[in-house]
Amino acid sequence: MNGNAESSGSKEIQRRDFLKGVLLAGISTSCSTKDPFTEAAKRELVQASGETVQLLSTTGEIIEVDKAFLKPIEEIPSTTNLEERMGIKGKKFVMVIDLSHCRNLKKCQSACNHAHFVSDAQNWIKVHAMHEGEHTASYWQPTTCMHCEEPPCVKVCPVDATFKRQDGIVGIDAERCIGCRFCMAACPYSSRVFNWDKPVLPPEVLALNYSSETSCPPKIGTVSKCDFCPDMARKGELPHCVSACPNGVFYFGDMNEDVITNGSDTVRFSELIRDRSGYRLMEDLGTKPSVYYLPPVDRLFKFEEGLKNQEASRS
Amino acid sequence: MSTLSQVSINKITADLLPKKFGKPGIIWTTVLVMLSIGGLIGYFRQLQSGLSVTGMRDYASWGIYISNFVFFVAISLVGSLITAIFRLTNVSWRTPLTRISEIIAVSAIIFAGLIIIIDMGRPERFTNLFLHGRLQSPIIWDVIVITTYLALSLLFLYFPLLPDLPIMIKHSRAGSVNQKIYKFIGSFWKGTAEQFRISESAVKIISIMIIPVALAIHTVTSWLFATTYRPGWDSTNFGAYFVSGAFLVGSGGVVVAMYVFRKAYSLQEYITEKHFNYMGKIVVMLALLYLYFNINEYLVPAFKMKKAEEHHLMSLFTGEFSYLFWSAILVGMIIPIVVLLFPSGRKPLPMFVMGVCVVVGAWFKRFLIVTPTLLSPFLPISNSPESYAHYHPTWEEWAITVGTLAGALLIITVFVRLFPIIPIHETIEEQSKAHKL
Chain W
1 MNGNAESSGS KEIQRRDFLK GVLLAGISTS CSTKDPFTEA AKRELVQASG
51 ETVQLLSTTG EIIEVDKAFL KPIEEIPSTT NLEERMGIKG KKFVMVIDLS
101 HCRNLKKCQS ACNHAHFVSD AQNWIKVHAM HEGEHTASYW QPTTCMHCEE
151 PPCVKVCPVD ATFKRQDGIV GIDAERCIGC RFCMAACPYS SRVFNWDKPV
201 LPPEVLALNY SSETSCPPKI GTVSKCDFCP DMARKGELPH CVSACPNGVF
251 YFGDMNEDVI TNGSDTVRFS ELIRDRSGYR LMEDLGTKPS VYYLPPVDRL
301 FKFEEGLKNQ EASRS
Chain X
1001 MSTLSQVSIN KITADLLPKK FGKPGIIWTT VLVMLSIGGL IGYFRQLQSG
1051 LSVTGMRDYA SWGIYISNFV FFVAISLVGS LITAIFRLTN VSWRTPLTRI
1101 SEIIAVSAII FAGLIIIIDM GRPERFTNLF LHGRLQSPII WDVIVITTYL
1151 ALSLLFLYFP LLPDLPIMIK HSRAGSVNQK IYKFIGSFWK GTAEQFRISE
1201 SAVKIISIMI IPVALAIHTV TSWLFATTYR PGWDSTNFGA YFVSGAFLVG
1251 SGGVVVAMYV FRKAYSLQEY ITEKHFNYMG KIVVMLALLY LYFNINEYLV
1301 PAFKMKKAEE HHLMSLFTGE FSYLFWSAIL VGMIIPIVVL LFPSGRKPLP
1351 MFVMGVCVVV GAWFKRFLIV TPTLLSPFLP ISNSPESYAH YHPTWEEWAI
1401 TVGTLAGALL IITVFVRLFP IIPIHETIEE QSKAHKL
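Read top to bottom, the protein sequences are chains W and X.
Counting in the working numbering, the first sequence runs from 1 upward without gaps.
Counting in the working numbering, the second sequence runs from 1001 upward without gaps.
None of these hints come from the bench; they were simulated from the model.
Heads up, some of the hints might be wrong.
[As the list claims (entries may be wrong)] Mimicking PhoX-like on lysine-lysine, the simulated pairs with C-alpha atoms at most 25 Å apart in a straight line are:
hint, chain 1, residue 1, chain 2, residue 2
1, W, Lys155, W, Lys67
2, W, Lys288, X, Lys1307
3, X, Lys1306, W, Lys288
[Stated by the list, open to error] Which bits of chain X does chain W cover? Going by a derived footprint, with three or more residues having C-beta under 8 Å, they are:
hint, region
4, 1012–1025
5, 1056–1067
6, 1081–1090
7, 1124–1130
8, 1389–1403
Note that beta-carbon positions come from the ideal geometry of N, C-alpha and C, so glycine has one too.
Put together the whole structure using the sequences plus the hints.
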């Protein structure tokens, strides 16, 4: 409650808070005597500390509460490996990337890297400078995992470490992955990256239990990739790339509800795809991606504007 | 056997018994042991800091480990060619070559398995292949056929060895370690007619069974690539292409081994110029066959030059890998074909040189099949460090790769120290038959 009121401006801070929340939950299960979550602890008489904080109540009033009465709560219920492999019932996640709005700002990339503790060399989101033919127009094309309906990576995985969920997400269980990298060879979109080095992580992240929905903590010797942020979906929030993009390039939503949003505009998926001639990458391969693209027509920015950022990120 | 005098039997036995290594043998073994230790040091470093010690990165995600794996699987096919196919087609001159080719097959397939574990990011999770194995993955097919092939090849090495074991027991020092080994693996063999009958029919069954399994190991290995969409791999031709290349490199390997054993053990009477002549013709035939598949693999896509293929093909023909590519084609196929077409080219020494060419060319050919494709992805290589667009193996990678090659040679070396590399019993049998005629 308090966490949301204080940091609604920044998704990045929210992520940290979420991690801390999970960490506290983790500690609570291991300790028994001074456990803040037990019924006994809740009934315990707390001495007021005299320090107060202002909070927004559920009814919309600002209330003042003594700090000593604040108790950490488990932010989202933890999911089991089986639940994570099954996916969220009744959902069919879909993404639409509007190429006419992209100018290679890479805010999506940095937000994603920050949230998933991805190193700069192992970007899950890549923004390609596309020059398809000699006289065709150049444009910027961000790519995530395509979360294909016929995922070539899942077909070749020998140990079921990468799997297709009922909500359309292709997940990775880094605790099962043997690191053979066959999925990387199989993916025509080059979405997959490998943890060649030991990931550099803060100790509180390292201490977390692994979840294939947060892909945290990343593990050395295993493959990782864009996970469509199902942990955010469970909280009713948008993936980090969607909320980080200032130009509304990324739309995310549920195909079953036929609603997608880029954070400011909420539209019907089918209408957007119909009216703006949406398409998918490499349709001829038969992979049936869950990521759609809107062609780079009537652009907000010139292609050249993005080049500055390309140079900056190189050095 | 009675038709052959005891004197000549004794001579054959004395000639073919494994001998203590001389100075060159000891130097050779020491070098192999040192190279293997180098590989272990490299692997220790890899275990400590993960696959980041290799030159592989997100685009070139398979490198010389996987090409070395394909090489080992390829060379192991020769066991089935010389022992099984030659046996079923009644090639009478195969006898002195059978054990050579079978031990090459066994040691190569053992290291093919090891290399896959070395290439894994999490080798300690190897057991997941059995705990969570999914039949739809070509890797699981490979695990199944490779273990089957290893089992069949070991039997194929073992059964024909049995009649030699009483001879070995008789001629080894009583109570020595060697004799204990011989007794442990073969003291039940009394050489009765019944035992020969069982052994004969077992070998016959295995020689039929091993041919589809051998074709399967290399076809499935080719499918690790051909089941993807990648330019250069997306080919229905791949199974036959790999199998033909495998027979070629295996025959090249046998030619090299024939020459070395003949020299080291003075086996000129047993591995004769006739054997080199025949093997030379086989190598030419196989090289032509492999060249045919190569033309298919490169000419047809080059004729169309689809956009995705273009980057890959140009990197081979004129780009980054062109020196390696044309050298592998020339050294691994064209030069051996030309040299071995001449009768004087099929003499032992030129045969040996051509055998080395075929094997070395084949090793680099495997690399050219594996890595350049990965550096030609469909989407551009973006937002990655500059170095990700290239592949340069590190010293650890080379040390491990050389270490596995040395390890495979070490198995062969230890084997020839313990067992006769040319079957003694079979040779005596054959010579007495020839004597009768």
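Hints versus structure:
Restraint check for W:Lys155 and W:Lys67: not satisfied, since their Cα atoms lie roughly 53 Å apart, outside the 25 Å limit. About 21 Å separates the Cα atoms of W:Lys288 and X:Lys1307, which keeps this hinted pair within 25 Å; it holds. For the proposed pair X:Lys1306 and W:Lys288, the alpha carbon gap of about 22 Å is at most 25 Å, so the pair holds. Closer than 8 Å: that is the beta-carbon criterion, and the region 1012–1025 of chain X has 0 residues meeting it against chain W, so the requirement of 3 is violated.
With 6 residues bearing a CB less than 8 Å from a CB of chain W, the region 1056–1067 of chain X meets the requirement of three and the coverage assertion stands. Closer than 8 Å: that is the beta-carbon criterion, and the region 1081–1090 of chain X has 0 residues meeting it against chain W, so the requirement of 3 is violated. Coverage of the region 1124–1130 of chain X by chain W holds [criterion: at least 3 residues with CB-CB distance below 8 Å; count 4]. Evaluation of the coverage hint for the region 1389–1403 of chain X: breached, as 0 residues show C-beta separations to chain W shorter than 8 Å, against a requirement of three.
The structure is inconsistent with the numbered hints 1, 4, 6, 8, although it conforms to all the rest.
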